[in-house]
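Peer 1: Okay, here's what each chain looks like letter by letter:
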Amino acid sequence: MAAPMQETAIRTGKVARTFIYLVLLLFAAFYMLPLYVMFVNSVKPLAEITGGGMMSLPSVFTLEPWVKAWSSAQIGVEPSGLSPYFWNSIKMVVPAVFVSTILGALNGYVLTQWRFRYDTIFFGLLLFACFIPFQIVLIPMAKMLGVMGLAGTTWGLSFVHIVYGIGFTTLYFRNFYAVFPSELVSAAQIDGAGFFQIFRRILLPSSGPIAVVSIIWQFTNIWNDFLFGASFAGADSQPMTVALNNLVQASHGVKEYNVHFAGAILAAMPTLLVYIVGGRYFVRGLMAGSVKG
Amino acid sequence: MASIAGADMKTRLQTWLPKLVLSPSLALMLVFVYAFIAFSVYLSFTDSRLLPSYGWIGLENYTKLWRLSHWETSLKNMGIFALLYISICTALGLTLAIFLDQKIRGEGLLRPIYLYPMALSFIVTGTAWKWFLDPGIGLENVIQGWGWEGFEFRWIKDRSLAIYTIVLAAVWQTSGFVMAMFLAGLRGIDNEILKAAQMDGASNWSLYRRIVIPQLRPAFLSAFVILSHLAIKTFDLVIAMTGGGPGRATELPATFMYSYTFSRNQMGIGSASATIMLITIASIMVPYLYSELRENH
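First to last, the protein sequences are chains X and L. Here the first sequence is numbered in numbering that gives the first Met the number 0, starting from 0 and rising by one per residue. Here the second sequence is numbered in numbering that gives the first Met the number 0, starting from 0 and rising by one per residue.
Derived by calculation from the structure, the hints in this document are not laboratory data. Among the clues, some could well be false.
Stated by the list, open to error - In silico lysine-lysine, DSS-like type, Cα no more than 25 Å apart, as pairs:
id	chain 1	residue 1	chain 2	residue 2
1	L	75	L	232
2	L	102	X	13
3	X	13	L	194
4	L	156	X	254
5	X	142	L	156
Unchecked claim - In silico negatives: residues of chain L with every beta carbon more than 12 Å from chain X:
id	residue
6	34
7	59
8	62
9	68
10	86
11	100
12	102
13	129
14	133
15	137
16	157
17	158
18	166
19	189
20	213
Given the structure is predicted, the values throughout are model-derived calculations rather than measurements. By construction, the Cβ of each residue, glycine as well, lies at the ideal position given by its N, Cα and C atoms.
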């Protein structure tokens, strides 16, 4: 998180420090616990889990639950494993992230460098749209996707995520461009540079940090979405989260907990990777803009 | 003449271009957010069941809704959940932030450990906690296996306690994020004031109570706004952990809306519940966004 601006000047005694370290480590263990449970149980035979060994390291190591979760577990009516749904999620996420980020960048550019009457109202409406409970748009959206011929498709899901993602991407780019020196833009205008030229030559080259923020934010949110996926996807366009839920909630047959855990890690892997690789840049980019909070 | 007219066209295009670029987003927002909201609110006054239908029935759906014990359960759960979730996340986030701010060795290692749950899907989180708390294979079974045979922990199967397991998982997921918000606030506090107060012999406790915490007001406000809106939208976590059960013990307004609209074919009542969710969120977000935007202009 925060690039350490300055640490507190407050001094603490030895006893207090020991206590502080203990509490911090205890909570580190608390936050790691579910990840530990998922990992160790995804590589042991089912009998070890049902036999009371959930917290132990595996005595027999096996990758079979992973293979099964990926390629042969029963999801709904198909014994297809999670792999087709993994690709559905990729197909849904990539265009949605790309388009919503570009629209956000353009909106942010206009809202900061080409101020017009009512632009604050426009931004306010867009911002409020970020926080609505999506239950309020589910019914008309289902209808509309049908009208547009996108019902039950990954394109339809991408579209939904673009529509409801623009608010946040615009917010990020607007806050980032707001601190951009406006002299540069006016100088370019005097030189006769046009609208897109100014964007491409002056703003875009320095937009890297905020583009990273927008991409990470959108990727994480869209990958992790469940409500839209469950409401609008068809049987063969379901995203990973919906398929994982189907796998875990299946009421027939033996509950293969090890396969469930392996599936959960598979569903978590992309966002976890993005967090590990890009988390630092996310925070740095947020700090570069003037996002409050 | 032609070139002058051409130049004129060009400047006119240049003045319109910004608005033109904004217009797709404006159109999408007006249709897919605001017109859709209007449509759903309208449906809540109609006799819609399996499909939208336009027979006006006034407030009937709302009066029916308030008489449903199912809705009452979701509201009661919402109250318990929101209160505990917001207060525990805030208290825990603040405590961890203050502790982490004491020149801690390994801070760079601890921060990402506290924060990573934010990156996970609630379905993943829900799956992990569901089986960890399951009396058959999880914590209860493990501790009994370690020799404490009378140990019992079956909250997730208990109608009156299951909602607290949802609180636990939700706190696990977001408290690290709240910690980060407070930590950013703490790092922005002027150390000179603290040093001066320390010279006057103030204890650490009173330094925090009198000087530091009052300065964190903006962080408290943002945390409250973000947490309350997340609380009202909580849906996936319940679906993954308990499916709303046992019985209806962990239903929330979001799951209520979903099941009434899509599995019970009571679209009118479902829309009424969605409208109430929207009004609740709006009553928190609108004043907050209004004051934020006014400050910036």
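Peer 1: None of the hints should be skipped; say for each whether it holds.
Peer 2: We went through each hint and held it up to the structure:
no. : hint          : result
1   : L/75 - L/232  : holds (15 Å)
2   : L/102 - X/13  : holds (13 Å)
3   : X/13 - L/194  : holds (20 Å)
4   : L/156 - X/254 : holds (17 Å)
5   : X/142 - L/156 : violated (38 Å)
6   : 34            : violated (8 Å)
7   : 59            : holds (18 Å)
8   : 62            : holds (20 Å)
9   : 68            : holds (20 Å)
10  : 86            : holds (17 Å)
11  : 100           : violated (5 Å)
12  : 102           : violated (5 Å)
13  : 129           : violated (7 Å)
14  : 133           : violated (9 Å)
15  : 137           : violated (6 Å)
16  : 157           : holds (20 Å)
17  : 158           : holds (19 Å)
18  : 166           : holds (14 Å)
19  : 189           : violated (9 Å)
20  : 213           : holds (15 Å)
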